[in-house]
Amino acid sequence: MTAPQPYRTRHRALRALEVAYDRIAAAGRDEVFISLSDRQEARDAVEDAFSRPVGPLTGMIIAVKDNIDVLGFDTTAACPGYRYTPDRDSAVAGALRAAGATVIGKTNLDQFATGLVGTRSPYGAVRDSRVPARISGGSSSGSAVAVALGFVDAALGTDTAGSGRIPAGLQGIVGVKPTPGVVSTRGVVPACASYDCVSVFARTTVAAEAVTACISATGTRTWPTETRFSAPAEPVVGIPRELPELSDGWREAFAGAVERLRATGCRIRTVDLAPALEAARMLYGSPLVAERAEAVGEFVTAAVDSKDPATGLDPTVTAIVTAAGGYTGPQVLAAQRQLGRRRRAVTNSWDGLDGLLIPTAPFHPTIAEVRADPVGVNTRLGTYTNFCNLFDMCATAVPWTTVDDGGHGDGIPAQFGVTVLAPAFGDAVAAGIAARLGTAGDEGDEGEPRTTGDASSAGSWVRSAGAETVSLVVVGAHLRGQPLNHQLTDHGAYFVGEVRTSPRYRLYALDTVPPKPGLSGPVDNGGASVAGEEWRMSPAELARFLDALPAPMALGEVLLDDGRRLTGFTCQPCAVDGAAEITSSGGWRPYLDGQ
Numbered sequence: 001m002t003a004p005q006p007y008r009t010r011h012r013a014l015r016a017l018e019v020a021y022d023r024i025a026a027a028g029r030d031e032v033f034i035s036l037s038d039r040q041e042a043r044d045a046v047e048d049a050f051s052r053p054v055g056p057l058t059g060m061i062i063a064v065k066d067n068i069d070v071l072g073f074d075t076t077a078a079c080p081g082y083r084y085t086p087d088r089d090s091a092v093a094g095a096l097r098a099a100g101a102t103v104i105g106k107t108n109l110d111q112f113a114t115g116l117v118g119t120r121s122p123y124g125a126v127r128d129s130r131v132p133a134r135i136s137g138g139s140s141s142g143s144a145v146a147v148a149l150g151f152v153d154a155a156l157g158t159d160t161a162g163s164g165r166i167p168a169g170l171q172g173i174v175g176v177k178p179t180p181g182v183v184s185t186r187g188v189v190p191a192c193a194s195y196d197c198v199s200v201f202a203r204t205t206v207a208a209e210a211v212t213a214c215i216s217a218t219g220t221r222t223w224p225t226e227t228r229f230s231a232p233a234e235p236v237v238g239i240p241r242e243l244p245e246l247s248d249g250w251r252e253a254f255a256g257a258v259e260r261l262r263a264t265g266c267r268i269r270t271v272d273l274a275p276a277l278e279a280a281r282m283l284y285g286s287p288l289v290a291e292r293a294e295a296v297g298e299f300v301t302a303a304v305d306s307k308d309p310a311t312g313l314d315p316t317v318t319a320i321v322t323a324a325g326g327y328t329g330p331q332v333l334a335a336q337r338q339l340g341r342r343r344r345a346v347t348n349s350w351d352g353l354d355g356l357l358i359p360t361a362p363f364h365p366t367i368a369e370v371r372a373d374p375v376g377v378n379t380r381l382g383t384y385t386n387f388c389n390l391f392d393m394c395a396t397a398v399p400w401t402t403v404d405d406g407g408h409g410d411g412i413p414a415q416f417g418v419t420v421l422a423p424a425f426g427d428a429v430a431a432g433i434a435a436r437l438g439t440a441g442d443e444g445d446e447g448e449p450r451t452t453g454d455a456s457s458a459g460s461w462v463r464s465a466g467a468e469t470v471s472l473v474v475v476g477a478h479l480r481g482q483p484l485n486h487q488l489t490d491h492g493a494y495f496v497g498e499v500r501t502s503p504r505y506r507l508y509a510l511d512t513v514p515p516k517p518g519l520s521g522p523v524d525n526g527g528a529s530v531a532g533e534e535w536r537m538s539p540a541e542l543a544r545f546l547d548a549l550p551a552p553m554a555l556g557e558v559l560l561d562d563g564r565r566l567t568g569f570t571c572q573p574c575a576v577d578g579a580a581e582i583t584s585s586g587g588w589r590p591y592l593d594g595q
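Residue numbers for the sequence shown, in full-length UniProt numbering: 1 to 595.
It is possible that part of the hints are untrue.
Have a look at the derived ranges for each label pair, beta carbon to beta carbon [as the list claims (entries may be wrong)]:
id, residue 1, residue 2, range
1, Gly-563, Pro-53, 20 to 30 Å
2, Arg-186, Val-375, 27 to 37 Å
3, Gly-466, Ala-543, 16 to 26 Å
What the hints contain is simulated information worked out from the structure, not anything from laboratory work.
Just so we're clear, the structure is a prediction, and the values are computed from it rather than from any experiment.
Note that beta-carbon positions come from the ideal geometry of N, C-alpha and C, so glycine has one too.
I would like the entire structure built from these sequences, with the hints used as guidance.
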């Protein structure tokens, strides 16, 4: 195996750290971090990371939302009276540390991760990275702004109702919210434990996927045998028939994203989103919210009774948690059953979709607007996000463009982002569709585009998440750029690398439409090494692929020149009778080039 390469070299990592701390000092954004290592402590942490075996995140600077335990930092969940010192890392922090990352601080949030606005914290309202009068979005407010302002390369957040997506959309960065359960929430202060997810923020898709890859094996949920590792060549993407809460300018921006996807080959299908939006209201407007009382209700009740202002309770959060404690067990169970019925009805109506494109946030309010109507504004912000975890979906949020200021009068365009949703375990498909939106927003500090536009590599973190794969060797019309390659990607396959067979095979040009070769062997005499490619896909998808394979093509064992024996395309002996032998060309592509 190839030894892992660091995210940065030691010299570049130390330089990046100095730049980060200079930015933190100059920005005057004390509300972003609840706790922050001093500069020398951070330097020592980087040096320590390079003293250990190199990991894929060695040299990466990271912040973590302060409802996630990190050894060496207190956890507050943005409530001073709730503060405690963890005796071990959360599962995700441990994975970051093992991968070589340097955590420099814990970030501010809406208290107990209850909110989408970023203002519900005694440590201060986290302001937008570009227009301080506007909100950052929450609840993972500090994490998103720390990334947007270049304080860190990436940050962890959490997401129950959209807290890993709303701040990404408003701050013009990438947000990855994996399928619920594939990333561990051990060591995370719960909000609604049944729907909580750890999420990742970064300025680039490359950084976001690198971090997600390192934490993705921490969960307890098993990836299914039919997992797809890439998006189809022509994915079917649903878009909402109606776009509630969007102004005209924001609607035009969304239409632009739809047209970009259409131009890349996506097949667009209009769907009725209204039933999903109705179900989304259950997260806060039904007995499902009782989980928030189960998580922190006992603490909140005691703090209210103590009448001690030092506990730092946010009044809006307190009202939500207190009201959540008024539901009975039977009411909660009835709500869960109702949600199940709604989820099945809605997802069945979306059958045949590979993904769903939606606006990430419907508008960008000011801090003053939130203070005037804290619950109403928060509810509007969650229009397109609240149903995602309720429906067991994954999401990739990416920046798209900027739009008019929404009537705030400051004349500065607001960030507009979109999100691609997919059913559980469709993470790579969602990422692949999102990548088709191409480069959006500014580049990262080191010149990386925010979104790669490369759908073939998007969602690559799923490949290291524990899902089972099988290899397939192709030598002809299924090679990259050839007419049948889409049959592989339609089954969620991904490219591994170029390979060659052992020198015991013969290649023939078959009389087929489209033209394709037949691989015959192994033979004892007259063979040669033939060029091909290795792809991987899930076992279930390989079975479906084989079932649709027309004669005379077949799958069998192919010997490679490196000694491996993999499943690959072979040809029934009768099919090469009378066919032109092209073994001397060395492969299908060289043969075509010579025609």
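Here is how each hint holds up against the structure:
no.	hint	in the structure
1	Gly-563 to Pro-53: 20 to 30 Å	holds (28 Å)
2	Arg-186 to Val-375: 27 to 37 Å	holds (31 Å)
3	Gly-466 to Ala-543: 16 to 26 Å	holds (20 Å)
Figure legend: structure checked against the earlier numbered hints; every hint is met.
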